[in-house]
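Undergrad: Protein chains in written order, with my numbering: chain Z, 914 to 1022; chain U, 4 to 515.
In short, the hints are calculated from the structure, not lab data. Owing to the predicted nature of the structure, the values given are computational and were not obtained by experimental measurement. Where hints are given, some of them may not hold.
Straight-line Cα separation of at most 25 Å, SDA-like style, residue types lysine to any residue; simulated pairs [said to hold, decoys possible]:
hint, chain 1, residue 1, chain 2, residue 2
1, Z, 968, U, 244
2, Z, 944, U, 244
3, Z, 968, U, 202
4, Z, 944, U, 202
5, U, 216, Z, 994
6, U, 216, U, 61
7, U, 82, Z, 944
8, Z, 944, U, 176
9, U, 216, U, 291
10, Z, 968, U, 291
11, U, 216, Z, 982
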Amino acid sequence: MTFPFDTATLYGLVGALLIGIGLFGLIVDPKPIRKILAFNLIGAGVFLFFGVVAKRGAGAGFGGDPIPQALVITGIVVAFSATALAVTLVQRLSQEEAAASDADGKDRP
Amino acid sequence: MSVPVALPFPADTTAGGFLLVLAILVPIAGILLIWSLGSRQTERIALATLAVGAALAFAIGAELLGTARPVIYLVGGWKPPLGLALRADGLSVALIVLTAIIIAATGLFAKGQFGFDPAGPEKRGPMMFWTLLLGISAALNLIFLGDDLFNLFVAIELVTFTAVPLVCLDGRTETMRAALRYLLFALLGSVMYLLGTALIYSLYGTLDIVLLKQVVQPTPLLFIAVALMTVGLLAKTALFPLHIWLPAAHAGAPAAASAVLSALVVKGSFFIILRLWFDVLPDGVSQFGTQILGGLGALAILFGSVIALRQARLKLLIAYSTVAQIGYLFLVFPLATGTGASEPWASIAWTGGVLQLASHAFAKAAMFMAAGLVYDALGHDRISGLAGAARIIPLTFLAFGLGGMSLMGLPPSGGFSAKWLMLNSAVGEGQWWWALIILIGGLLAAGYVFRVLVPAAARPRIQIKAKGPVSRCRELVALTLAVIALAIGFIPLEPSAMLQIGRGVEAGVLAP
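Construct the entire structure; sequences and hints are all you get.
TA: Spelled out as C-alpha cells, the structure:
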C-alpha cells in the first residue's frame, strides 16, 4: 500500500493529530492527572513535529538537520520535569484530601 | 518556497560580556552553596548572593550606558545560528536592574521570616524559599538576556518551576490546588510556545532574534507561529481571559512570594511577547493582532478593576488589581506599532509601557508586602475589619497608599508618567478609545485603593489591638519600594534614549 504523501508529511499529520487530541483533553477533562497526560500527548506531538522539521532540513542537502533533534532532547527533559512536578502536586493534594475525608468520616462504622 | 539564508551573527562578544554570564550563574552558585552548607547558613548566603546580583545588574547597566551599544556574549565563542548569544539591550538592562532591586528587597523583607531557628530542628521550608527566590532571579535574568527563542523557552520553564512551588510553600490544600491550576495553565502555555518555535525554525533555520529580524517575511506560517507562541505566553502572563489562575495563586502565597510573583514573574513572559512582536515580527504588519491584544488588555483593565472592587480580602483585592494592571501593559501593542507618520507617538507609547511595567512592579511588591504586614499585625486581612488599622501600623498603610497612588496614576508617581505617556500617544495617534479605557481604569483603581485606605485611616469606634508585633525594618522595606514607584514619576517625560539602545534599525548594524 502506498501513501498519497511522503513520510515526513505523514509524521507531521500524526503530530498534529496528537496535539489535537491532547489539547482537547487538556481543556475538556476535569481530572488533573488526565490533564497532565494530555499535556504529555501534546508534547509528544510537538516533538514529532520537530522531527519532521529536522527531516525536511533547512540545511544544505544533509539527510537530517541535527539542531531540531538537540532541541527535542532538551524539550523532553523539560517536559519530564514539568510532569514530575505536576504529579507530585497531584499526589500531595490527594493525600491531603484523603486525610481530610478520614477526619470527616471517623464516626462512621 | 525559497528559504532565506540566515546571515552570521553581526557581532562578537563585547568587553563586558562576561557580566551577562555572571548575572545568570551567580544565583545558581548561591543555590549550590545553600544546599552544600546546610540550613544554618542559608539566609546569609542568599542575601549575600542577592547583593552580588544587584551589583552585577548595575555593572551591566553602566557598561551599556558607557558604550551605548548592546552588551553581547557568545556562549563558547560560537556565533548564531549555530551557537547561542546572550544579549543585553536597553530594555533588558532596565528589567535586570528592576528585578535585582525587587528581589533584593524581597530578601530583606523575608529575612527572619524564613530564617533559621536555632532552637528548632533543621527544616527544609526556609531553604526552599531562599532556593526558589535565587532560582527565580537566575531564570528571569536568563529571559531578559536570552537571544534565542528556544533558550527563552527553557528560561520561561525555569521561571514556572520556581514560581509554582513558591505558591504552595505553606503546604495548605487551597494553595496546592491554586499551584496545580497555575502549573496546568503554564504547561499549556509552554507546549504552545514550543510548537511556535518549531514552526519558526522550519521557516528560517534559526531561532536567534537578531538574525530572525533580518530574514523574516510576513508569511501566514510566521503569523500562525507567533500567534501560538503569544497565546501560550498570555496564559503565563495571565492576560484576561486566561487570568483565572492568578488571583488564587498570588493571594495564597506567603507575602514575600506574592510580591515576587506579582511584580516580576508575570513580567517575564510579557517580556518575551514584547520581543516577539517588536523584535521578531516585521514592522507594521500586525495591525490586526495588536488591536486584539490591546482589546484584551482593555477588558482586563475593566474586568480586573471591577472584581477587585468587590473583594472581601485584601490580598485578593491586590491580586485582582494585578490582573487589571497587566491589561495596561498590553495597550503598548496597538499604541507602539505606529508606522511612518505616527513614529514619535509610537516611541512615546513604548517608553510609557516600560514605565508602567516598572512602576507596577515596585508598587505591587510594596502593596503585597504591606498586606503581609497587615496580616501579621491583625491576624486577618478582611477589608471589613481594617477600621482604624492605620493607627497601629501607619508606615505599612503609607506604603500601601503610595503604591496605590501609582496604580491610580496620580501625579507625581511612576504610574502617572506611564499612563500620561500612553494617554498622549493614544490621543496623538487618533486611537481615542484607548485613552478612555486608561481614564476609566484609573478611576476604578482609585475606587479599590480608597476602599481600603479610607476605613483604615478612620477613627475606629472600638480600639483595635495588634495581634503581633510588626517589624519596623520590614515596614521600611515595603515603604522604600513604594517610594521608588513614586520616584519613577520624576524621570523626565520623554522617549528614553537608553531603551532605544540595540533596538530597531540599530540592532542590525552592531559592528562598527
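Undergrad: If a hint holds in the structure, say so; if it does not, say that too.
TA: Hint check:
Between residue 968(Z) and residue 244(U), the direct Cα distance comes to roughly 38 Å. Violation of the 25 Å bound is thereby established for this hinted pair. About 21 Å separates the Cα atoms of residue 944(Z) and residue 244(U), which keeps this hinted pair within 25 Å; it holds. Annotation: proposed proximity of residue 968(Z) to residue 202(U) holds, straight-line Cα distance about 13 Å (limit 25 Å). For the hint pairing residue 944(Z) with residue 202(U), the CA-to-CA distance comes to about 31 Å; that exceeds 25 Å, so the pair is violated.
For the proposed pair residue 216(U) and residue 994(Z), the alpha carbon gap of about 32 Å is over 25 Å, so the pair is violated. Proposed proximity of residue 216(U) and residue 61(U) is contradicted: the alpha carbons are some 28 Å apart, above 25 Å. With a C-alpha separation of about 46 Å, the suggested pairing of residue 82(U) with residue 944(Z) is violated against the 25 Å cut-off. Straight-line distance between C-alpha atoms of residue 944(Z) and residue 176(U) comes to about 16 Å, which keeps the hinted pair within the 25 Å bound.
For the hint pairing residue 216(U) with residue 291(U), the CA-to-CA distance comes to about 20 Å; that is within 25 Å, so the pair holds. The straight-line distance between the Cα atoms of residue 968(Z) and residue 291(U) is roughly 34 Å, outside the 25 Å bound, and the hint therefore fails. Pair hint residue 216(U) plus residue 982(Z) holds up; C-alpha atoms about 24 Å apart against a cutoff of 25 Å.
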